[in-house]
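Participant: Given the sequences, and given the hints that come with them, work out the whole structure.
Here is how the chains run, residue by residue.
Number of protein chains: 2
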Amino acid sequence: MGYPVSDEAGTKETDIVNLPSIHIQADEQHSVYKVGVPPRRKLAKEFTETVKETFFSDDPLRPFKDQPRSKKIVLGLRALFPILDWGRYYNFNKFKGDIMAGLTIASLCIPQDIGYSKLANLDPQYGLYSSFVPPLIYAIMGSSRDIAIGPVAVVSLLLGTLLQNEIDPKNKFEYRRLAFTATFFAGVTQAVLGFLRLGFLIDFLSHAAIVGFMGGAAITIALQQLKGFLGIKTFTKKTDIINVMESVFKNVHHGWNWQTILIGSVFLAFLLFTKYIGKKKRSLFWVSAIAPLISVVLSTFFVYITRADKHGVQIVKKIKKGINPTSVNEIHFSGSYALKGFRIGSVAGMIALTEAVAIGRTFASMKDYQIDGNKEMVALGVMNIVGSMTSCYVATGSFSRSAVNYMAGCNTSVSNIVMSLVVLLTLLVITPLFKYTPNAILAAIIINAVMGLIDYNAAILIWKIDKFDFIACMGAFLGVVFYSVEIGLLIAVSISFAKILLQVTRPRTAILGNLPRTNIYRNIEQYPEATRVPGVMVVRVDSAIYFSNSNYVKERILRWLTDEEEQLKQKDLPRIQFLIVELSPVTDIDTSGIHALEELFNSLQKREIQLVLSNPGRAVMDKLVASKFTEIIGQDKIFLTVGEAVMTCAPKALEEA
Amino acid sequence: MGYPVSDEAGTKETDIVNLPSIHIQADEQHSVYKVGVPPRRKLAKEFTETVKETFFSDDPLRPFKDQPRSKKIVLGLRALFPILDWGRYYNFNKFKGDIMAGLTIASLCIPQDIGYSKLANLDPQYGLYSSFVPPLIYAIMGSSRDIAIGPVAVVSLLLGTLLQNEIDPKNKFEYRRLAFTATFFAGVTQAVLGFLRLGFLIDFLSHAAIVGFMGGAAITIALQQLKGFLGIKTFTKKTDIINVMESVFKNVHHGWNWQTILIGSVFLAFLLFTKYIGKKKRSLFWVSAIAPLISVVLSTFFVYITRADKHGVQIVKKIKKGINPTSVNEIHFSGSYALKGFRIGSVAGMIALTEAVAIGRTFASMKDYQIDGNKEMVALGVMNIVGSMTSCYVATGSFSRSAVNYMAGCNTSVSNIVMSLVVLLTLLVITPLFKYTPNAILAAIIINAVMGLIDYNAAILIWKIDKFDFIACMGAFLGVVFYSVEIGLLIAVSISFAKILLQVTRPRTAILGNLPRTNIYRNIEQYPEATRVPGVMVVRVDSAIYFSNSNYVKERILRWLTDEEEQLKQKDLPRIQFLIVELSPVTDIDTSGIHALEELFNSLQKREIQLVLSNPGRAVMDKLVASKFTEIIGQDKIFLTVGEAVMTCAPKALEEA
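So the sequence lines, in the order shown, correspond to chains A and B. In terms of this note's numbering, the first sequence opens at residue 1 and continues consecutively. In terms of this note's numbering, the second sequence opens at residue 1001 and continues consecutively.
In short, the hints are calculated from the structure, not lab data. Predicted, not measured: the structure shown is a model, and the values here were computed from it. Just so it is clear, CB atoms sit at the ideal spot from N, CA and C, and this is done for glycine as well. Check each hint, because a few of them may be wrong.
[Unchecked claim] As a list, the in silico DSS-like pairs of lysine-lysine whose alpha-carbon atoms are at most 25 Å apart: (1) B:K1464 - A:K52; (2) A:K65 - B:K1571; (3) B:K1052 - A:K464; (4) A:K628 - B:K1464; (5) B:K1628 - A:K467; (6) B:K1317 - A:K606; (7) A:K367 - B:K1094; (8) B:K1317 - B:K1435; (9) A:K628 - B:K1071; (10) A:K45 - B:K1071; (11) A:K569 - B:K1071; (12) B:K1052 - A:K467.
[Said to hold, decoys possible] Here are some of the chain A residues that sit facing chain B, going by a computed Cβ distance under 7 Å: (13) W256; (14) Q259; (15) I500; (16) R508; (17) Q526; (18) Q610.
Facilitator: Okay, here's the thing in structure tokens:
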């Protein structure tokens, strides 16, 4: 296309003007469009900035800026105890919402707690203990308004599995000691991670991996419930599907108890039905929320009058009455058990964190308020440390109960306080009434609860969006179901890491073409209409160039070139004279990267091809200058845009194009 | 700025035309400029493509494409034995270069080998053995034309340190067996890595880390030479500077031998001087190349006539005559020693690889020929496997000798054959003559050789370019010097990984501004002249959005927004209505990333700000569509360029600007 005469401008065709206009830029007003070389930052400044972005990216100290000392202390306390912050604006209207929500989640948590403590191989009361103290602590220190604190299925299962690898649960006392020790160290891990601003570490467990892990754990937990649901007496200690199914069918003839199955199925049906109603009509969600408590009451009463327990229906028997006894003296603070406790606790703590933070973030974004992940971790950590000293095991945010809490219209973590008070009453007064509660009901309640953790829609979406994520998801899922929770977790983490490494080793590169009648250049695979400019090849590198990929990038570019040249030879078209490397996506480069560029430059010189760079970013430009590479290829070989570069290098070619 | 009247076009001011012109695009011909949604690729295709890019990025099978079977076999053999390839074009001219180079490196390697075998705690002849067989194998299978094969200082030291942790070198036989076992597994590791196309794994040791590690190793090796150089009899087994210096000065009064020191210093001075000459006048490099051999001859003769050995000058004493005996029966193929051998061998093998590949790449890019890293690894692996069975220890490419080989004008790996033949003669005939060679000379030669490994210029450059790299460099260096080679290596690797993790957790984000009189938007930090458009905020995300950073990215963007809004309030300027996220550098996104975008979208809706995307790449667009996110925000909110987006969102604002 030739230079348009001026009067073409402003008409539909004006795009053509872009070319000469940019051309003019390149020639006459180049200075205006030179690639910016920012003033080099002081080393100290650069360093502090990096540290700040890495550990204090959320700038937690901003409110403290230029404040008087006294004010700083107040702010500090508020930061540590958010209740001092929102407490001042608390009013009766908010309380109405909170008390309703609190009562609802209480009715939900009591039966769940009793069941979950079984998963952790602990006596029922420990589940209730863990729903009394931790929520109180969290209410004071936590920053999420919707999370419901207490024991959760997955962590209970994980803790149970890890603990019984060390001590036989039959040895109640020692087992319990290790449980508290693990809980203590779980809390320490959480608090330390938060305090050291290492919150981002939990981000290394990808969403996909979590979906898979949770789903697998849910299945495993549901399978564990078959023991209580079918009334089987001798059940495997293993959690993998194979073993569980074996011991289920080994007992099919003389192990299953039909009364138990009957009661269980009836109430499971009831629970599922109410859940269905709750889903159908959001205003009736409370039906599904209180259904568990109702079924506990009914079934307990039923068993009591029919004395079904005499016919082999297993019942809870006894829950110790009274509030949490202290357990400080039971924690191992040193010795080999302390070490084991630490290993188990740190794993359980991390998973608990992942769950809590995920919940916190979800609801925070639904109500659009920010929560500080690191502060959250400190809160959860302190909560578990205190918990471990008051006979609680690892508590965290529960998916199911938090959702109910949210739907019941909670406004602040006061709903947690309400819940824990109800639990307190339960512990003081009504625990004896649970004596005749059939295990089958608890099983049914847990099965019903964990079903919510199986998010097949998410799995399908993951499949649609990103196949690699799906592999991670299924890996974690199958790992948990067929081996154990630890293995599943291990698989999830390793696949997540593998993905990161792959990402940094094999970045994408793309050939760019010119979009007709513009000076815009885009990936010719994405924009088939984009045309190449004869004699010029434009390659875009789609990642920071680091030691882990610098050689690959260099060799990949050279291969693009070789392929192209072969084709050109066949069609005997003019050979390539300019290789333009579009650096817009290249956000950073290190010494290895600079080396690769130098090597690329050398190889190109041998082939009599000119290397041209387009739009290096701030960090890249810094380093190109520092390494004198700008001087090697020449300042005039670095352009602001690909369009401009092509324009200056091969104006003729463009005209012919 | 107002719309220009047409006659402004083509003048210096025409850039202004870009705006309305793009504007027209946006309105009337939008279709042309829609962001391309490439046809979704078949899963299988996508998968194979990924695998291919990851493991066969160099497309090694291309020449085999559509060839007759017989030809394929021939090509296969040539691929496996490159000598069949270049051998056919070999001629006398090339041979002249090769024989000169071969003789030169032979004269260099013989004294080095004797010294290096000491570093590995092996008898002198094993160094010579390792310069006979391996070069022959490599000459047949290797693809680098300039590399000089044989034992090298760093690997010898590493192997020596690792081996003596397992077996006391005094127990010669068992020690040697383990050495061969390690060599065998080093070869296996190398070959397997190459065969499985896992060559990219060695890229995870960053250039900076290697510089530091090599420098540290060089210092350590030089320090080890003080034993021979000062004629000290009782010397520490440790390699860290503290211990070495201790045992040096403990012996200062009654351990140093002045005759040894005299001889050593004289020849060290001679060597350094010749090296200086070689550097000054490239045509005289051969002086420095043969200097070591000359000094060996002279010093040996001198000691022989003066019988200085009677005055405490330590000499080599005896080198076993004859060629490599077989050692197959000495290798542990099973048992605990096999395991130890594997652990040691894999580490030594990896380091050897790193060194060889680095050399190969350097010279390949200097002479502009490609070498296939993976094929290279197979060659080196086979070479060491065969070596381990013929009494050789781990051999690889030597920096110093390869450089000499290159300067001496080698053309093909025939120079290696020549060298190994000379070594053969040495083994058969003249080894007895080395009897009187003083250890001090070997020490001097090694000190002189390893000095070349201390690349302080590179270190300075690294400091200038990238501070983080410098930390990795110094970490490795200090680790080797003050602790041990393994620790140094460990530090190097961990820092390298830490960097990768940092890169993927904390990507950069930037606020973009409009470059006056263009429709180009750039980082306002890099281009101070760039101006913001009122009511619009443009944020660029500088990395793929993955689970590891999705939350950070979301929160960072929201923080940019909050900061901005605070400022606007203070200056009571119009509030922000559009948040444009520039996705050009975002090369990929996963499910977590999509989630983050959805959460961002929700938060923005709460604040009545419209989310607009600009230039999503191929992979990103694929996934935005797959996840229906395009429908959530609306196709019309996705633009090809920031300019276009601003134009359509806030034309008025732009005019006022």
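Participant: Decide, hint by hint, whether the structure agrees.
Facilitator: Hints versus structure:
1. Between the alpha carbons of K1464 (chain B) and K52 (chain A) the distance comes to roughly 22 Å, so the proposed pair stays at or under 25 Å and holds.
2. Pair hint K65 (chain A) plus K1571 (chain B) holds up; C-alpha atoms about 20 Å apart against a cutoff of 25 Å.
3. Between K1052 (chain B) and K464 (chain A), the direct Cα distance comes to roughly 22 Å. Compliance with the 25 Å bound is thereby established for this hinted pair.
4. Taken as a hint, the K628 (chain A) and K1464 (chain B) pair is honoured in the structure, with Cα atoms around 10 Å apart against an allowance of 25 Å.
5. Restraint check for K1628 (chain B) and K467 (chain A): satisfied, since their Cα atoms lie roughly 16 Å apart, inside the 25 Å limit.
6. Pair hint K1317 (chain B) plus K606 (chain A) does not hold up; C-alpha atoms about 51 Å apart against a cutoff of 25 Å.
7. A distance of roughly 76 Å separates the Cα atoms of K367 (chain A) and K1094 (chain B); the hinted pair therefore is violated under the 25 Å criterion.
8. Our distance criterion of 25 Å between C-alpha atoms is met by K1317 (chain B) and K1435 (chain B), whose separation comes to about 4 Å.
9. Distance check on the hinted pair: K628 (chain A) and K1071 (chain B) sit about 48 Å apart at the alpha-carbon level, beyond 25 Å; violated.
10. A hinted pair counts as satisfied when its Cα atoms are at most 25 Å apart, and K45 (chain A) with K1071 (chain B) does not qualify at roughly 62 Å.
11. Among the hinted pairs, K569 (chain A) with K1071 (chain B) is consistent with the structure: their alpha-carbon atoms are about 24 Å apart, no more than 25 Å.
12. This hinted pair checks out: K1052 (chain B) and K467 (chain A) have alpha carbons roughly 16 Å apart, not beyond 25 Å.
13. Because the smallest distance between the Cβ of W256 (chain A) and any Cβ of chain B comes to about 41 Å, over 7 Å, the interface hint for this residue is violated.
14. Checking Q259 (chain A) against chain B by beta carbon gives a least distance of about 46 Å; that is not within 7 Å, so the hint is violated.
15. The interface hint given for I500 (chain A) holds, since its Cβ lies 5 Å from the closest Cβ of chain B, which is under the 7 Å cut-off.
16. With its C-beta approaching chain B no nearer than about 6 Å, R508 (chain A) sits inside the 7 Å limit, and its interface hint holds.
17. Proximity of Q526 (chain A) to chain B holds as hinted, the smallest CB-CB distance being about 4 Å (cut-off 7 Å).
18. Evaluation of the Q610 (chain A) hint against chain B yields a violated restraint, the C-beta minimum of about 16 Å exceeding 7 Å.
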